[in-house]
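Visitor: Position chain B against the provided structure of chain A, taking the given hints into account.
The residues making up each chain are set out below.
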Amino acid sequence: MQRFLDPAVLAGISSLDLLAKTVVDGFVAGLHRSPDFGFSQEFAEYRAYTPGDDLRHVDWNLFARTERCYLKRYRGETNSQLVVLLDASNSMQYTSGPPKKMDYARFIAASLFYLAIRNQRDAAGLIVFDDEVRDYVRPSTRQGQLARLFAGLEQAEPRARTDFGKPLQHFQELLHRRGIAIVISDFYEEPEKIVRAVEPLRFHGNDVVLFHILDPQEIRPLLKGPALLVDLETEQEIEVIPEYTKTAYRAKIDAHIEQLRSRTQAAGMDYQLLVTDQPLDGALREYLSLRKAGN
Amino acid sequence: MGFLAPWFLGGLAALGVPVFVHLLRKHVTIPRPVSSLMFFERGTQSSTRHRRLRYLLLFALRFALLLLVVLAFADPFIRRPAADTNGRLLLIVLDDSFSMRAGTRFTDAKQQALALLAAKPHSQKAQVMALGGQFAVLTQAITDGAQLRAALESIQPGDGRSNFGELGRSIRAMGETVHGPIDLHLFSDMQRTAMPANFADMVFPANVTLVLHAVAKGTAPPNWTVESINAPAELADPKDPKRSRVQAVVAGFGAPAAEKTLSFIVNGKTLATRKVNVPANGRATAEFAPLDVGYGFNRCEVRIEGGDAFPADDTSVFIIRRSDPERVLFVHGPNDTRSALYFGSALSAAAQASFVLQSVTAEQTTDLDPSKYAFVVLSDAITLPSIFEHTLAQYVSKGGSVFIALGTNAGHHARIPLWGADVKDTHDYSRTASASTVGQVDFTHPALEQAQPGRDNGGWAETKIFYAAVVDPGQARVAARLGDGTPLLLDRQIGEGHVLLFTSGLENLTNDLPLHPVFVAFVDKTARYLSGSERLSGSRLVDSYVQLRSAAEPVGEVASVEVIDPSGQRPLTLAEARTVQTFRLQRAGFYLIRFANGRDAVIGVNPDRRESDLEPIAPDVQQLWSGSKGEASIQTANAPGDEAKYRPVSLWWYVMLLALLVALAETVLASGYMGTQREDA
Chain A
1 MQRFLDPAVL AGISSLDLLA KTVVDGFVAG LHRSPDFGFS QEFAEYRAYT PGDDLRHVDW
61 NLFARTERCY LKRYRGETNS QLVVLLDASN SMQYTSGPPK KMDYARFIAA SLFYLAIRNQ
121 RDAAGLIVFD DEVRDYVRPS TRQGQLARLF AGLEQAEPRA RTDFGKPLQH FQELLHRRGI
181 AIVISDFYEE PEKIVRAVEP LRFHGNDVVL FHILDPQEIR PLLKGPALLV DLETEQEIEV
241 IPEYTKTAYR AKIDAHIEQL RSRTQAAGMD YQLLVTDQPL DGALREYLSL RKAGN
Chain B
1 MGFLAPWFLG GLAALGVPVF VHLLRKHVTI PRPVSSLMFF ERGTQSSTRH RRLRYLLLFA
61 LRFALLLLVV LAFADPFIRR PAADTNGRLL LIVLDDSFSM RAGTRFTDAK QQALALLAAK
121 PHSQKAQVMA LGGQFAVLTQ AITDGAQLRA ALESIQPGDG RSNFGELGRS IRAMGETVHG
181 PIDLHLFSDM QRTAMPANFA DMVFPANVTL VLHAVAKGTA PPNWTVESIN APAELADPKD
241 PKRSRVQAVV AGFGAPAAEK TLSFIVNGKT LATRKVNVPA NGRATAEFAP LDVGYGFNRC
301 EVRIEGGDAF PADDTSVFII RRSDPERVLF VHGPNDTRSA LYFGSALSAA AQASFVLQSV
361 TAEQTTDLDP SKYAFVVLSD AITLPSIFEH TLAQYVSKGG SVFIALGTNA GHHARIPLWG
421 ADVKDTHDYS RTASASTVGQ VDFTHPALEQ AQPGRDNGGW AETKIFYAAV VDPGQARVAA
481 RLGDGTPLLL DRQIGEGHVL LFTSGLENLT NDLPLHPVFV AFVDKTARYL SGSERLSGSR
541 LVDSYVQLRS AAEPVGEVAS VEVIDPSGQR PLTLAEARTV QTFRLQRAGF YLIRFANGRD
601 AVIGVNPDRR ESDLEPIAPD VQQLWSGSKG EASIQTANAP GDEAKYRPVS LWWYVMLLAL
661 LVALAETVLA SGYMGTQRED A
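Protein chains in written order, with this note's numbering: chain A, 1 to 295; chain B, 1 to 681.
The shape of chain A in the complex, shown without the other chains:
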């Protein structure tokens, strides 16, 4: 399974469809369970009829044999909704080696969409944003939804800069149903501001997950000499010395991650740090666990 989830391997696959199928099939096969398990109309229990219940759920065969009126209840009959909020700002195109953070985010989103639509038959939607909402694919389970989502991912090229405040106001208008909202970003913003911007989604009853995408060089940068660094979003330049990156920078990024993790969890949201040189299964497992918990 590891081979199919390795980002370096996935970077060589140009088709998101094939990539997502490879990832999901590999991931599901690794679970040692039937691919259809839990995803059909499955009997759960009988419940005594009470006035007001829908007569369509009465087990008439049982009533004929016992003249008792019971309602037959099934498991998994309700579909969830998955909405991926993908950050397409310029900072997402950073890389110290394949794949880029943006590509890694696409892999994750595509895999989640595939898993949701093909396997779970959930509705899935996509919101691409930077400092505003750039693309929106309404959540749906209709035929061709997966292709539309993949097309949305393909068109999501990094540009502009990140601003969580402005687009998330629109998220609340776009998301009417409860479901799972996954925010994929590198979250170069103050944790407090991020949580404050994402928190309203949680208030609508969504399960909110923050996938924090970072390059290994962003966590442990290596500089052999003084270097001129340029911000991909603001194009600001500063000269940085290696001693700083070995000490103060690492402390700051660690503090940032930890602060983001604690704040999101405190707000009832989940947080997952994804490094671009790590396999994708962590993200998929997080989604499934959320969906299982939600049903």
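These aren't lab readings, by the way, just hints derived from the structure by calculation.
Hints are not guaranteed to be accurate.
Below, simulated EDC-like cross-link-like pairs (lysine to aspartate or glutamate); rule was C-alpha separation at most 20 Å, straight line [to be verified]:
hint	chain 1	residue 1	chain 2	residue 2
1	A	LYS166	A	GLU154
2	A	LYS224	B	GLU41
3	A	LYS100	A	GLU67
4	A	LYS246	B	GLU305
5	B	LYS275	B	ASP240
6	B	LYS424	B	ASP442
7	A	LYS252	B	GLU41
8	B	LYS398	B	ASP422
9	B	LYS217	B	ASP308
Guide: Just chain B now, with coordinates in the frame of chain A:
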């Protein structure tokens, strides 16, 4: 230092590439993109300057690499003195003439010569010579550095006059025996007056390479000197207004107009001072009169007070000898009365003569002692008493002088007393259509001496000779001849003395010489020559010669001569004092000389005043001289041993080795930078 392929130096233009890349082109730092600068802080540290310094080091290495490669292609070489194996002889000529005393010229020249000698390869042969009054060879061609150095150290500045023509002649003579290449290094002040009249005299043979080391830089300093002294060597009457005076000419060389004070010093006491205004680069004359000098030899000196750039030439020394008038014995024939009149009149009229004529007939000479007279004149006195003739012969052999004039009696008596030869014939030109004239005159003879004889043959052309005897000259020196070649004046050395034979008479019957002005000068110079007073006093130039004894084989007991130089030393050894015939006056000052004939003399010796003109030879002439070998070498390009003066030693390998080291250093340094750039990318 030079380049065997200098056209490759054009590649130095490539040095502009690293200059442009490192210094002119703005250095571009490739920025390194990051997602956000949120967690970065600006940090400039000294390492940035270190990096710039490292870039400068890289630039220097690249610059040096290109430079070394270009130099390697240009093939640099250094000149090393060729080893003795090439057969090159190092000839060191040090000028020790009088002008080298000015300033530090001689010291500088000697130091340069010693430095050159020290740099000589041990195996190379060298020879040391001194160019002063005479070209002196101090060593043979040897390799012993200590001996050569000692020879150089022994050279001291002299009082002589350098002459590059003499140098050229000596080297040409040397080149006839030394056929190998010669490197001649001349250390001199390159005085212009040392040049000969003909430049060709200075040119060296083809195998000689001349290197000039001029120690006099820039323009010559102004210098004044006592150029000449006109003073009587003999003075009989100090009150004689015509003769009792000294005229000194002061000359300025490269000097502005100035007022100079001259002092006349006699035997160390200043008798008089005169102020003269010397024009710029001109001359002025000062006169000191009368001369209050005592009897005997008076050491006189005229000195310029105040000093100048060359104080050594500010004085001029000379001797004035005061004595009573000397007697001259004039022996004439019984019928000859005119000759004594003419000769006596001329002798008294001569400006510098101090003689009293005593006229006697031949018969009256029996009891006379010739040694009491300055000289003896035999005028037409062919027949002498035998006792007097014998006494006269002894007188001549001991240094006395006799002047014989053959009159008309020569036709009757063929024998000439003292002369040792007979009259072969007589020419009576009065019987022919016209009288004979004087054809050839040796103006270098002391009796006929004229510095610049006129076009009228020095005054002798107008003279008509009516009667002359024909005498075989034999060993005698012919000083004058008639137009038909008949000897007119002959000089013969007998013992220590001279016999001067005039083949005509001293009266106006045999010739009209006594009627011409040249007769007075002739008598005057003859009297001074024969009396020997000319060489007993006065002044001479350095490097002139004094004849101490006659050239003839000594008869009987050999008398010693004695010379005391200005420093009080006796330069002649005892053996030399008994044999030497001439002595060279090498130093300036007063010389005390006792001749072989027992006569004493004191002579003032001065340096040649041409040495006082310190103006050096023009640089272009120096270049022409030092490059004069070029033409000759072209003519004898195939001559064996005509090799370069220095052996070129190529530095190609060293430059390439250095370039390789620099290239390695540049590679190491540059690869470090490239590693950083890969990380940036």
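Visitor: Could you run down the list of hints and mark each one as holding or not?
Guide: Hint check results:
1. Taking the CA atoms of LYS166 (chain A) and GLU154 (chain A), the gap is near 23 Å; set against the 20 Å cutoff, the hint is violated.
2. Proximity of LYS224 (chain A) to GLU41 (chain B) is assessed by CA-CA distance (about 17 Å); at most 20 Å being required, the pair is judged to hold.
3. For the hint linking LYS100 (chain A) to GLU67 (chain A), the alpha-carbon distance of about 65 Å lies beyond 20 Å, and the restraint is violated.
4. Under the criterion of a C-alpha separation no larger than 20 Å, the hint pairing LYS246 (chain A) with GLU305 (chain B) is inconsistent with the structure, at around 91 Å.
5. Taking the CA atoms of LYS275 (chain B) and ASP240 (chain B), the gap is near 24 Å; set against the 20 Å cutoff, the hint is violated.
6. Restraint check: the Cα-Cα separation between LYS424 (chain B) and ASP442 (chain B) comes to about 23 Å, which exceeds 20 Å; the hinted pair is violated.
7. A distance of roughly 11 Å separates the Cα atoms of LYS252 (chain A) and GLU41 (chain B); the hinted pair therefore holds under the 20 Å criterion.
8. Annotation: proposed proximity of LYS398 (chain B) to ASP422 (chain B) is violated, straight-line Cα distance about 23 Å (limit 20 Å).
9. A threshold of 20 Å between alpha carbons decides the hint, and for LYS217 (chain B) with ASP308 (chain B) the separation of about 18 Å falls inside it, so the pair holds.
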